[in-house]
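Enquirer: Listed below are the residues making up each chain.
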Amino acid sequence: MATTYQTTPEAAAEEPVNYLNVEHGWKSWLFTTDHKRIAMLYVFSITLMFLIGGSFAMLIRLHLTQPQGLFPPEVYNRLFTMHGVVMVFFFLVPSIPATLGNFLLPMMIGAKDLAFPRVNLLSWYLYIIGAIFAVFVVARGGVDTGWTFYAPYSTTYSNSYVLSAAMGVFVAGFSSILTGLNFIVTVHKMRAPGMSWMRMPLFVWAHYATGLIQILGTPVVAIALVLVGVEKVMHVGIFDPNVGGDPILFQHIFWFYSHPAVYIMILPGMGVISEVIACFARKRPFGYEFIAASSMAIAILSFLVWGHHMFITGQSVYTGIVFSFLSFFVAVPSAVKVFNWTATMYKGSVTFESPMLYAFAFIGLFTIGGLTGLFLSTMATDVALHGTYFVVAHFHFVMVGGMVVAFLAGIHFWWPKMTGRMYSEPWARFAALMIFVGFNLTFLPQFVLGYLGMPRRYAAYPPEFQVLNVLSTAGASVLGFSLLIPIVYLIYAWKYGPKAGNNPWQAKGLEWEIQSPPTTFNFDETPTVTEEAYNYGPLEEKQVA
Amino acid sequence: MSSEVKEHHHTHIPEVGTLVKVFVALIVGTAITAEVATFDLGEWNVVVALAIACTKATLVAWIFMGVRYTSQLTKLFCVAGLVFLSILLLITFSDYSSRSWTHHAKPWATNPSLGTSK
Amino acid sequence: MPDAIAEAPHPTDEELHVKHHFATADQQMDADTLGMWTFLITEVLFFGGMFAAYAVYREMYPLAFAATSEFMNVKIGAANTAVLICSSLTMAMAVRAAQLSRKKDLIKYLYGTLAFGSTFLIVKAFEYHAKYVEHLIPGPTFHPDNLAPQFQHNAQILFFLYFCMTGMHAVHMIVGVGLLTFLVINSYRNQYNSNYYTPVEMIGLYWHFVDIVWIFLFPLLYLIGHWHW
Numbered sequence: 042m043a044t045t046y047q048t049t050p051e052a053a054a055e056e057p058v059n060y061l062n063v064e065h066g067w068k069s070w071l072f073t074t075d076h077k078r079i080a081m082l083y084v085f086s087i088t089l090m091f092l093i094g095g096s097f098a099m100l101i102r103l104h105l106t107q108p109q110g111l112f113p114p115e116v117y118n119r120l121f122t123m124h125g126v127v128m129v130f131f132f133l134v135p136s137i138p139a140t141l142g143n144f145l146l147p148m149m150i151g152a153k154d155l156a157f158p159r160v161n162l163l164s165w166y167l168y169i170i171g172a173i174f175a176v177f178v179v180a181r182g183g184v185d186t187g188w189t190f191y192a193p194y195s196t197t198y199s200n201s202y203v204l205s206a207a208m209g210v211f212v213a214g215f216s217s218i219l220t221g222l223n224f225i226v227t228v229h230k231m232r233a234p235g236m237s238w239m240r241m242p243l244f245v246w247a248h249y250a251t252g253l254i255q256i257l258g259t260p261v262v263a264i265a266l267v268l269v270g271v272e273k274v275m276h277v278g279i280f281d282p283n284v285g286g287d288p289i290l291f292q293h294i295f296w297f298y299s300h301p302a303v304y305i306m307i308l309p310g311m312g313v314i315s316e317v318i319a320c321f322a323r324k325r326p327f328g329y330e331f332i333a334a335s336s337m338a339i340a341i342l343s344f345l346v347w348g349h350h351m352f353i354t355g356q357s358v359y360t361g362i363v364f365s366f367l368s369f370f371v372a373v374p375s376a377v378k379v380f381n382w383t384a385t386m387y388k389g390s391v392t393f394e395s396p397m398l399y400a401f402a403f404i405g406l407f408t409i410g411g412l413t414g415l416f417l418s419t420m421a422t423d424v425a426l427h428g429t430y431f432v433v434a435h436f437h438f439v440m441v442g443g444m445v446v447a448f449l450a451g452i453h454f455w456w457p458k459m460t461g462r463m464y465s466e467p468w469a470r471f472a473a474l475m476i477f478v479g480f481n482l483t484f485l486p487q488f489v490l491g492y493l494g495m496p497r498r499y500a501a502y503p504p505e506f507q508v509l510n511v512l513s514t515a516g517a518s519v520l521g522f523s524l525l526i527p528i529v530y531l532i533y534a535w536k537y538g539p540k541a542g543n544n545p546w547q548a549k550g551l552e553w554e555i556q557s558p559p560t561t562f563n564f565d566e567t568p569t570v571t572e573e574a575y576n577y578g579p580l581e582e583k584q585v586a
Numbered sequence: 008m009s010s011e012v013k014e015h016h017h018t019h020i021p022e023v024g025t026l027v028k029v030f031v032a033l034i035v036g037t038a039i040t041a042e043v044a045t046f047d048l049g050e051w052n053v054v055v056a057l058a059i060a061c062t063k064a065t066l067v068a069w070i071f072m073g074v075r076y077t078s079q080l081t082k083l084f085c086v087a088g089l090v091f092l093s094i095l096l097l098i099t100f101s102d103y104s105s106r107s108w109t110h111h112a113k114p115w116a117t118n119p120s121l122g123t124s125k
Numbered sequence: 298m299p300d301a302i303a304e305a306p307h308p309t310d311e312e313l314h315v316k317h318h319f320a321t322a323d324q325q326m327d328a329d330t331l332g333m334w335t336f337l338i339t340e341v342l343f344f345g346g347m348f349a350a351y352a353v354y355r356e357m358y359p360l361a362f363a364a365t366s367e368f369m370n371v372k373i374g375a376a377n378t379a380v381l382i383c384s385s386l387t388m389a390m391a392v393r394a395a396q397l398s399r400k401k402d403l404i405k406y407l408y409g410t411l412a413f414g415s416t417f418l419i420v421k422a423f424e425y426h427a428k429y430v431e432h433l434i435p436g437p438t439f440h441p442d443n444l445a446p447q448f449q450h451n452a453q454i455l456f457f458l459y460f461c462m463t464g465m466h467a468v469h470m471i472v473g474v475g476l477l478t479f480l481v482i483n484s485y486r487n488q489y490n491s492n493y494y495t496p497v498e499m500i501g502l503y504w505h506f507v508d509i510v511w512i513f514l515f516p517l518l519y520l521i522g523h524w525h526w
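Here the protein sequences come in this chain order: A, B and C. Quick note, the first sequence lines up with residues 42 to 586 if you use the working numbering. Quick note, the second sequence lines up with residues 8 to 125 if you use the working numbering. Quick note, the third sequence lines up with residues 298 to 526 if you use the working numbering.
I should point out that these hints are in silico values taken from the structure, not numbers from a laboratory. A hint or two may mislead.
[Unchecked claim] Okay, derived cross-link-like pairs now, DSSO-like style, lysine-lysine, Cα gap no bigger than 27 Å in a straight line:
hint : chain 1 : residue 1 : chain 2 : residue 2
1    : B       : LYS28     : C       : LYS372
2    : C       : LYS428    : A       : LYS273
3    : C       : LYS316    : B       : LYS28
From just these sequences and the hints, can you work out the full model?
Expert: Set out below in structure tokens:
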């Protein structure tokens, strides 16, 4: 298959000044206000947290190869809690916004930086402080409440490091709030002349909608954690049944954020997929306005459905009915996107570079994840499925099969822009395939396990479930190993890869019109936008490298 | 760039008289709130108190914070914040209100030692 | 205006403190303002979680909540509310002074705001101390006099919310005091005038917001039951 990207003619040319080589030394990195450097700082730290969270995943899957488990139940409780806490708060929530969003958003709208560059740096520092708390908790044996910190176990009965974990999440939450705040103000106030709302890339729409959720939802989980912390210290509190408190109130306040949080996690991924599909189908996304509007609809509707996590915990059944009804609604805008993406590919000029392979995987896996969510939002079936492996499989399909896959798609798509180097396409395709196989082998059996009744967060299970569990662990081993491969070849490419040129994919977008890697201020002069977005024509003739 | 002449606009400069009038209204509102609480109006006490509080808050936002003279966007943001707060309050509240619609779902309402109004 | 700061009729970007990534001072001012309002929205939701808890528990335990009112000193609470309202006035006057380049007035009103704000916090400290002395801290030491036994448990929920909500409010006031001090120092250094007063205005927005929170806390925490002069 002919290579479909451009590389600049090789000359022993001097590397032009760019954001990476303009300054050297640790101070220039730790005190930077350049959104691109901050993005790379995040790439590094988020990858580290992903590896930590992933290690816990491997230990969980190892444990579950045996019906009686490998570790004592108390340890197992800490394993799945730490896996959840690290993955949710320190990987998934920041991932695309803090890395790709930070790097690309200003460029995509023709700005020189985000609205508040120093706040951006503060955001990274807060993330690091939160991560230090998390690592401290890991080192001291973890917390065992589940990532959901339910009262009264978290407030009264757990003797693990609940306060430290809550503190870490609290601080990381403010990192997230500041990122969202920055994005919102940037999109409103810093678009280049001619860059109207309806000319913005869908990636920007997605991050704007994500920012809205971040600022509206995160403060509520912050206060929930404060209340848990104070109750733990005072030995009494508002979630304490001994004084008439209701533990379910904690769940209301917690899930008011944590449900929208899953859309914080997936919306940026959807933004990436819109960009990748447009480029590799050489076509303007079908129904651009609908995709943009659906991002906003998801942001708003996501705040109306949190009780579907609480159908069987004691919430009023009438409130449950309302939540169930609204949860069906929130699926619609996501479905709109899926149909628009496939319609974009129809009669497009599709090629199968590695970012596009990830995009295909995303569409399939996210659809399965989304559809299985409907079983859970239906109260009657949720009664049987709540707290089983069906739920675990559902959210891993959307979070890993959706979000992580989208993150990989984006990292691959924009790596040439971020580093100026092209990675190895054969290795990228191999890794994508292995990740796809490993992922499905890990999580498809879990749907069956959940349907058969295997509870989640249990350290032991009936022996008849062992085969499926072993299959799942085998898949996890493949998945875990495969996820390491991109780390290797991407770093290798950064140092030794061929120079990529400004626009190796011949994509449309302001970020592709500037050099790779970009200069510190992105544009020599603020561009004036005269074209619609995604002004794709037919694929031009390529030079084979 | 730094030596170019630029036009720039102020935010609206309030009149001292306006600020003082709002100040007086806020103090009077506080006094009224305290005074009304000396009467037993049943459920209406909290309604009146919150109504006065909302009025005071609106005055502070509208005049002291200058929302009156800000852009549509800023006004929209203020409203949006309140809308989502209402969603949190109303739906959470609806859970507790509607639990008794099925049998015995409000244990605190039937246990006399827990001190309820019913 | 002898104490007005001299200003160039056509200020440069540097005098307008325009940062490199903004095209104009207006754009920067717009962005700063929207940014502060967005931050205030997060604060609305932050306090909002506690208001939600309060609403739920007041509906569940109305009598226990009402019984706690006798432990609240309404006169002090009302007076403190008035103190905070005064501080909002002086803050608004300070912003106005900055807009008119009146440095002496600006500093005077900032000090006024600081004085009222500090007074509020000192009164709060005395109130907390009184609660401690009267054994009203929820937990093992909770032992109020003259509280009917059937309310002993649920009243702790109200006091827990009282301390959390007023405590969180006080934390925000302390931050505000710090920010005001920063403004005073910069005002002495002639940093603010009619061309550039954004920090004064932004911190003013924050201060007024913290006042609004208290406007709701006062009736909800002090006036649940009835009181008499």
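Enquirer: All hints are to be evaluated individually against the structure, with a verdict given for each.
Expert: Quick rundown of the hints versus the structure:
Pair hint LYS28/B plus LYS372/C holds up; C-alpha atoms about 23 Å apart against a cutoff of 27 Å. Restraint check for LYS428/C and LYS273/A: satisfied, since their Cα atoms lie roughly 21 Å apart, inside the 27 Å limit. Among the hinted pairs, LYS316/C with LYS28/B is inconsistent with the structure: their alpha-carbon atoms are about 38 Å apart, more than 27 Å.
Comparing the model with each numbered hint stated earlier shows that hint 3 is the single one that does not hold.
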